[in-house]
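Trainee: Residue strings, one per chain:
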Amino acid sequence: MSIEIRNITKTFGTFKALDNVSLEIKTGELIALLGRSGSGKTTLLRVLGGLEIPDSGQVLFHGEEATDRSARQRQVGFVFQHYALFRHMTVFENVAFGLRVRPRNVRPNEEQIRKRVRELLNLVQLDWVADRYASQLSGGQRQRIALARALAVEPRILLLDEPFGALDAKVRRDLRQWLKRLHDDLHITTVFVTHDQEEALELGNRVVLFHEGRVEQIGTPDEVYNHPATPFVFEFLGNVNLFHGRVENGRLRFGAEPINGNGATPKSKVYVRPHLLEVSNSPAGQDSFAATVRQINSAGPLVKLELVTEWGDPVSAEISHDRFRALDLQPRARVYLIPKENRVFVYQI
Amino acid sequence: MAMIISRAGAPARRASLSVSEPRLVRIALTTTALIFLLFFLGLPLFAVFFYALNKGVGVYLASIADRYTLSAIFKTLLTASIAVPLNVAFGIAAAWAIARFDFHGKNILTTMIDLPFAVSPVIAGMIFVLLFGSQGIFGAWLTSHDIKIIFATPGIILATTFVTFPIVARELIPAMQASGSEEEEAALSLGASGWQAFWRVTIPNVKWALLYGVIICNARAMGEFGAVSVVSGSIRGKTVTMPLWVEILYNEYNFAGAFAVASLLTLLALVTILAKRLIAAPAISNEISDERAESIEAKLGEAA
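For the protein sequence lines, the chains are X and C, in the order given.
Under this note's numbering, the first residue of the first sequence is numbered 1, with each subsequent residue one higher.
Under this note's numbering, the first residue of the second sequence is numbered 1001, with each subsequent residue one higher.
The hints are simulated quantities; they were obtained by calculation from the structure and are not laboratory data.
Beta carbons: idealized from backbone N, C-alpha and C, even for Gly.
One thing to keep in mind: the hints can contain errors.
Here are some, though not all, of the chain C residues that point toward chain X, as calculated from beta-carbon distances under 8 Å [what the hints assert, rightly or not]:
#1 H1104
#2 N1107
#3 E1182
#4 E1183
#5 L1190
All chains should be modelled from the sequences, with the hints used to inform the complete structure.
Mentor: Put into structure tokens, the structure is as follows:
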């Protein structure tokens, strides 16, 4: 089932949670809505699920107007951040709920319900907890039961709100892989919300970056990571060095005071990822600039250097252990940094 | 009696294990508490049953089987059976509105709910007399339509409903706020109607608080004296409830009869306390298991 979101706006009091958001999601896609808390990603998910009514704009499911459909009419599986399992019901009854509340003429009989619930519990590999209550399960188990419950109604769209947010790191990685395989098997159009960029980049077919209620960029993980459309996206995805500089005759100048009143030399923000800074003992070309080593951390696959430029900005650089040995770096050493030019992003401001 | 002592005794036992107060202080405190309980609860309780049965079981049963006593019991049961459901309906509606929605005047509603607790029951009774009495605001209209509220059963029910008004809502509001609305949203997205979500998710989640509220509300409805006394007019066999009947018998120096009826009300109170304890036990153990699960998760999170 494809989803089309057209110019959705939603305000809470004076707070604009969604500001004219448009988005198209293709059938079978696994989409990550990524952003900080308060960026509007969860609100959009709730709008899709029919739990929030937008002030204006449209939601189309498979080309059909669905903006006014209630949550129960949408056939959407919604998995809540804190799972929202029915605490007074067993796991079995939780999963069976969606089948039991169907109108009598389409409600499966007891035997069919039993069979379906068993299937779903097997699918999430938790058939052995059927008689337990949610309070007796671990976080990861609750998460999977919540997913099984959502799948019971054969949803055409699966919406997951911070699906791994409340889990510890190890369980989170395992579940992430598991969800990816599940999506590959079931092929349900899935939208999930996360504030964890690693999760979004690893799991999503496409990533939608939210910032202050607006979509900053939509693209594949490769596109958003390697070709960020805005400074926000660059800063949000991975570590980054920010330089204020200017463009002079088509070349970058770092550090120097911008020349006012001269349109030929606009001020720029220059972003360079730490692993895209080459470190050298001698100046190399016009783009290199001097810096002093402050700290060295060689624990890890790369050696992390903390430096200070000669005009006083802190810089991080990451180099290989081989390179580190070749340079024979010590704290307070003076080095030259060369941004690998094709990866330097310049935004005029 | 036995139950009261065991309730006081249990915390004292625990204290001896965990608190390092000198033995003498502990014994002194426990003794003080027990003596206090004996004089202010045990003795009156004993007195009620002693005087009730003083002239023998025959007299006791006879005074209960009295025509007017039976009428008073019936009136009390009738009042409670109408006032309690009314307050349950109102309590659920008010708690739902307050716990789930933000609206103008929410604070006023929350404050107003407590009003019946704040005013003296006698004043509450007076309000209804002023409204519905023959000299009252609606008095003329009611008389012309031949509707009798004051000095009749409807007045008793109204006054009782008013006085017990806050009880169910007060129990439900925190319970509903604590359970949140996510489970209801989950139910809706799973295809449940609002009605199904209400009966299958909302009510089961607050069932202990609701039952607790109903029991307290019922006890209060059956025991209400002040407000009912003002509006009933105490017409024997017609508008007399059990608490009023106790007073009438007592004023007529019929102590055996007065205490016999009083013993019934006392039994009701004891049953209420017992039921309250039975209900409180599973509700509390549920909360603890939830908290425990959460603290375990929090620790796992920290470890990661």
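Trainee: Starting from the hint list further up, note which numbers the structure goes against and sort them upward.
Mentor: 1 and 2
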